[in-house]
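Heads up, the sequence shown is in UniProt numbering, so the first residue is 1 and it goes up one at a time.
In short, the hints are calculated from the structure, not lab data. Cβ coordinates follow ideal geometry from the N, Cα and C atoms, glycine included. Every clue listed holds true.
Simulated restraints, written as ranges between beta carbons of each label pair: (1) His219 to Leu293: 22 to 30 Å; (2) Val194 to Gln249: 22 to 30 Å; (3) Lys165 to Lys142: 29 to 37 Å.
Cross-link-like lysine-lysine pairs, in silico, DSBU-like; alpha carbons within 35 Å at most: (4) Lys112 to Lys173; (5) Lys303 to Lys138; (6) Lys165 to Lys112; (7) Lys139 to Lys173.
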Amino acid sequence: MTEVATPFQAPEMQLQGNPNAVSTNMENPSTQSTTRSDSQKMWVIDDFDIGRPLGKGKFGSVFLARYKPERVVVALKVLFKDQIKKHNVQHQVKREIEIQYHLRHPNILRLKGYFHDQRRVYMILECADAGELYSRLKKKGKLEEPEAARYVRQLADALSYCHAKRVIHRDIKPENILLDGKGNIKIADFGWAVVSSHSRRETICGTLDYLPPEMINGHTHDHTVDNWAVGVLLFEMLVGRPPFEYPDQSVTLQMIMNCRFAIPPSVSEGPSDLMRKLIVKEPCMRLSLAGVLAHSWVVSMSKVPIGHTQQPTPVITASTTSQVTQNATE
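Make a model of the complete structure from these sequences and hints.
This is the structure we're talking about:
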């Protein structure tokens, strides 16, 4: 297949009628095209063995799956068109596919392709064996500094790559960061991401605990919302909770707007300094991602070996298409 010329041209996807799909090699996919030759096979759900559910969202579910012709294990995200249209997020889904498909970075979850039928949209995603960072935090409570520093370094590098392509993620949080079997992060869920030809945006989006002051105040924002989120995530990884988490939402909002938070004394000076340079009220004063990568704590911690348990190869007990439909709608 030929490469799409423009960096972020969306593959054609209709949310109703005329279902179409484009195939590619699962191990080394090329950029999708809206045209196909007779030798190119259209993906269909029967091309996949469907395993256990990996997660469920408002518009569908994610399943462990195996592409039968090449026996490649993937994650298959199944979205229902009626739910997409009901919540008027057609543009958001198209944008998610458009952006994520064209991003190529080792710490960004790879979207290998998509296809759709009359009722559903299917996104074929790289499988991150170890699940969400959120689950790891919930299990461990908080992380040791070397592990947290590793994730911050990889996150900053991936976001720097995104920003160079004018992509702002806008929803960095533990639930949207996956882990592979080797202890590397994979940024996922680009549903709130945007490609901005302008330096400032106005849409309020994301999760309250991670929202920066400029979003809460209704002001315009830029790529530095992601820098803020890196600082908030670092705090949560080392403390076990976000810096602005309070039972009363109005208190959370007030504390974010005033940028008032306290770092526990149990956190050493290195990461504390990095937090204070990222969780800053004025966007222009936040440390750059290049600054994060060059920070002495991040650099020193990157030299500390981290032990990780290698994840076993996922076992897939094939289910039928009807089971996919049932599981995704329950």
